[in-house]
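Number of protein chains: 2
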Amino acid sequence: MPGQTLSPAKTRSPAAQPPKSQPTAPPKPKPGVSAVEMGARQREISVSEFFTKNRHLLGFDNPRKALLTCVKEAVDNALDACEEAGILPEVVVKLEAVANGGPPPPPSQASRFRITVTDNGPGIIRQQIPRIFAKLLYGSKFHRLRMSRGQQGIGISAAGMYGQLTTGKPVQIISRTSARAPAHYFEVQIDTKKNEPLILEKKQIAWEFPRGTQVTMEVEGRYQKGRASVDEYVEQTIIANPHVKLTYATPEGETKEYRRTYDELPPSPREIKPHPYGIELGMLLKMLHDTTSHSLAGFLAGDFSRVSPHLAAEICKAAHLAPRTRPRDVHGQASENLYKAIQSTKIMAPPTNCLSPIGERAILSGLYQQIKGDFYTAVSRPPAVYRGNPFVIEAGLAYGRGPVQAQADQQKKAVPLAEGETDQGDDRAEARFPAARW
Amino acid sequence: MPGQTLSPAKTRSPAAQPPKSQPTAPPKPKPGVSAVEMGARQREISVSEFFTKNRHLLGFDNPRKALLTCVKEAVDNALDACEEAGILPEVVVKLEAVANGGPPPPPSQASRFRITVTDNGPGIIRQQIPRIFAKLLYGSKFHRLRMSRGQQGIGISAAGMYGQLTTGKPVQIISRTSARAPAHYFEVQIDTKKNEPLILEKKQIAWEFPRGTQVTMEVEGRYQKGRASVDEYVEQTIIANPHVKLTYATPEGETKEYRRTYDELPPSPREIKPHPYGIELGMLLKMLHDTTSHSLAGFLAGDFSRVSPHLAAEICKAAHLAPRTRPRDVHGQASENLYKAIQSTKIMAPPTNCLSPIGERAILSGLYQQIKGDFYTAVSRPPAVYRGNPFVIEAGLAYGRGPVQAQADQQKKAVPLAEGETDQGDDRAEARFPAARW
Chain H
28 MPGQTLSPAK TRSPAAQPPK SQPTAPPKPK PGVSAVEMGA RQREISVSEF
78 FTKNRHLLGF DNPRKALLTC VKEAVDNALD ACEEAGILPE VVVKLEAVAN
128 GGPPPPPSQA SRFRITVTDN GPGIIRQQIP RIFAKLLYGS KFHRLRMSRG
178 QQGIGISAAG MYGQLTTGKP VQIISRTSAR APAHYFEVQI DTKKNEPLIL
228 EKKQIAWEFP RGTQVTMEVE GRYQKGRASV DEYVEQTIIA NPHVKLTYAT
278 PEGETKEYRR TYDELPPSPR EIKPHPYGIE LGMLLKMLHD TTSHSLAGFL
328 AGDFSRVSPH LAAEICKAAH LAPRTRPRDV HGQASENLYK AIQSTKIMAP
378 PTNCLSPIGE RAILSGLYQQ IKGDFYTAVS RPPAVYRGNP FVIEAGLAYG
428 RGPVQAQADQ QKKAVPLAEG ETDQGDDRAE ARFPAARW
Chain E
28 MPGQTLSPAK TRSPAAQPPK SQPTAPPKPK PGVSAVEMGA RQREISVSEF
78 FTKNRHLLGF DNPRKALLTC VKEAVDNALD ACEEAGILPE VVVKLEAVAN
128 GGPPPPPSQA SRFRITVTDN GPGIIRQQIP RIFAKLLYGS KFHRLRMSRG
178 QQGIGISAAG MYGQLTTGKP VQIISRTSAR APAHYFEVQI DTKKNEPLIL
228 EKKQIAWEFP RGTQVTMEVE GRYQKGRASV DEYVEQTIIA NPHVKLTYAT
278 PEGETKEYRR TYDELPPSPR EIKPHPYGIE LGMLLKMLHD TTSHSLAGFL
328 AGDFSRVSPH LAAEICKAAH LAPRTRPRDV HGQASENLYK AIQSTKIMAP
378 PTNCLSPIGE RAILSGLYQQ IKGDFYTAVS RPPAVYRGNP FVIEAGLAYG
428 RGPVQAQADQ QKKAVPLAEG ETDQGDDRAE ARFPAARW
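Those protein sequences? They're chains H and E, same order as listed.
Just so you know, we're using this note's numbering here: the first sequence kicks off at 28 and counts up by one.
Just so you know, we're using this note's numbering here: the second sequence kicks off at 28 and counts up by one.
Chain H extracted, bound-state conformation:
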């Protein structure tokens, strides 16, 4: 019932004339609510309730984008887990249109989908499964400074919550940590009032795979091709991750196999300490308060990247603070002086092994596999630093149609096109999904 119009109500009567200036009487209070009554209404809002109302902040703006977000969150988790465990990832993505009373509709008409993502990763220990999938802001990657796809501990549980909200269905998880361990099956939902998992079902089951995790969600969604579609996401994931073997079962019943074209994991990123240049004053105060160091110099050298004991002493001197000052005693103007001393001291840029670039060889490998062109290039720039955080830019480019395709086009051109007819659409589709890969 979008945009339905009602009869006007409670609007002040329209004024065609400008309002006459009114005598400005002193404001007299209307009967209203008192401070005590207002105070009694104050309460905590759970983060799940907040993101139920504000789901657009997490990528669930509309059914089309929501479907993509759900797939992406599950694949991100699968790849992160595999790489962290040193396992070359094998991922299966399955998308099915779900009947909503009556026979299953064609995918382009469907409004409900079942998403299943299976990986060969390390698996998840039983105790952690409910919270990982049914509690927002729970995770292992938030506090560490190193590159990973997921970071916030909110993605997969938000996807599950979106499913719960739109279809009422729980998230189903199967996970197994080794061939010697049993596989565990869970059905979980979020108790949105508390942001805690509700376990609807848990049991040991027989599972065909020796190790890995499978997550299944049923969500409201819309399946379309083209920009920002699940299909495009899968292709791009494969280009950027040629070390991944990915199988994609489309809602149309097609199974696309993307084989691994690069048999090496990217170098494992290392966790680093924060760089002094990237710290805001408030964060510095918090670190001074929380540190286990007993001296300011020890704190500077121990809790940051690239601060040697010698440099720590230099910073203390510039801030007019004794190196043996207790960190907790540094606040107010002293902390501001320390902050400025840090900014004006020359400190080496942070280490960049917290990054794991794809690398030029691997990007090229991904491009060859996915895109048929005449010319390919790729570049991994040297790492750079923004606000103390290292980052790296990598780019790949494929150009042209490839010799085979160009030849095919020439033959096709022999048959003249009718007015307004175009072969562009076909070209594009074939360029993205070459029949024969090389």
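Since the hints were made in silico from the structure, they are not lab data.
Please note: incorrect hints may appear among the correct ones.
Copies of one chain are not kept apart here, so a pair can be met inside one copy or by any two copies together.
Capping the alpha-carbon separation at 30 Å, the derived lysine-lysine pairs in BS3-like fashion look like this [unchecked claim]:
id: 1; residue 1: Lys367; residue 2: Lys220
id: 2; residue 1: Lys92; residue 2: Lys80
id: 3; residue 1: Lys300; residue 2: Lys344
id: 4; residue 1: Lys252; residue 2: Lys80
id: 5; residue 1: Lys221; residue 2: Lys80
id: 6; residue 1: Lys367; residue 2: Lys252
id: 7; residue 1: Lys367; residue 2: Lys221
id: 8; residue 1: Lys92; residue 2: Lys367
id: 9; residue 1: Lys121; residue 2: Lys313
id: 10; residue 1: Lys168; residue 2: Lys272
id: 11; residue 1: Lys220; residue 2: Lys168
id: 12; residue 1: Lys313; residue 2: Lys230
id: 13; residue 1: Lys221; residue 2: Lys168
id: 14; residue 1: Lys168; residue 2: Lys80
id: 15; residue 1: Lys344; residue 2: Lys313
id: 16; residue 1: Lys313; residue 2: Lys221
id: 17; residue 1: Lys300; residue 2: Lys80
id: 18; residue 1: Lys221; residue 2: Lys300
id: 19; residue 1: Lys367; residue 2: Lys80
id: 20; residue 1: Lys373; residue 2: Lys80
id: 21; residue 1: Lys220; residue 2: Lys300
id: 22; residue 1: Lys80; residue 2: Lys220
id: 23; residue 1: Lys252; residue 2: Lys230
id: 24; residue 1: Lys367; residue 2: Lys121
id: 25; residue 1: Lys313; residue 2: Lys229
id: 26; residue 1: Lys230; residue 2: Lys121
id: 27; residue 1: Lys92; residue 2: Lys313
With chain H fixed as given, assemble chain E onto it according to the hints.
Chain E alone, transformed into the frame defined by chain H:
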């Protein structure tokens, strides 16, 4: 040190040649982290930590926007509190550039500002002050269905947290609920690890005002004129809220008085129940679970807008469910049937007294006051409904320069402009800040 370039590290060596196809060996696990080790690293992330990293989601993208967001959150709270208490609002906004070692810089150069917003509202009871200003997701307006500026219980505490992070300074609050009650002074910060307030100072003080709240924050910011500036926000607030008396002390030391031009509060909006059309399946399930009604028909008639007992019976019948079914027993396919029955039953649109339109008279009044033009118009459309939520669109338009300004321009034009010279800048400034208001 933004964008500083480092020597390359950890990047695979560039390949000018396409990589030779490699023998696809079975993936052999590298030494990595086990499921148990990963599980041990999982932990809760507090909502304060999340929004410290993701402050752009709350309007703190950059220093300029952050300054505006802080002012807006404080003014929103002031106006909401006054209106809810039935008090014609008088608000004072004060912006000061803060010295950061050395004399205070000119406002356009300053990077730190002190924001003080004072209102004549109902005040806040002492016990609630710390959590309202130093706990994210705490408030009185989140769960109710009625119009207000603030909704989420996150705005003012996020502004305080931003100040804490960028300047290390606590939020200062003075509040008093009546002339017979003492004024309370607080200094609070957020313990971001727990998302709970830390009270640095609390005491009773003498305060010049008989009732109201004052909040002071020190934040990193940038003060500029023009689009999305604090100055523009203040002007627009006055146009849209002609029942507000607002004083704005600019960082340049100017004091702008915007007098009240409409001596009536907008009609107080009423809280409504959710409309059945606006409920998603997951929410329906939650309501079925949480209701205090003992029968399905009672639940439908009692917990929703516009569902009479007669209509409730009709919905039950369409869903093939007995009206006396216990709400908690409705799940699975039965709940889907109920959901569909609701969608296919004709239900009157929701009441719209949860809205409080400004009204055409008041919009015109605001425009006359703020903008000098030849032609004015305003319209309040009838309320409409989207996803069960009533909304209303109101618009006002002022056009032209006004007779006085046009005359002044003519006189000015007598002095010919030099090539490339323009008087547009001046015009615009004067049109927005007419020297003599009428």
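Legend entry - Unmet hints by their number, sorted upward, for this structure: Checked against the structure, the only hint that fails is number 23, while the rest are satisfied.
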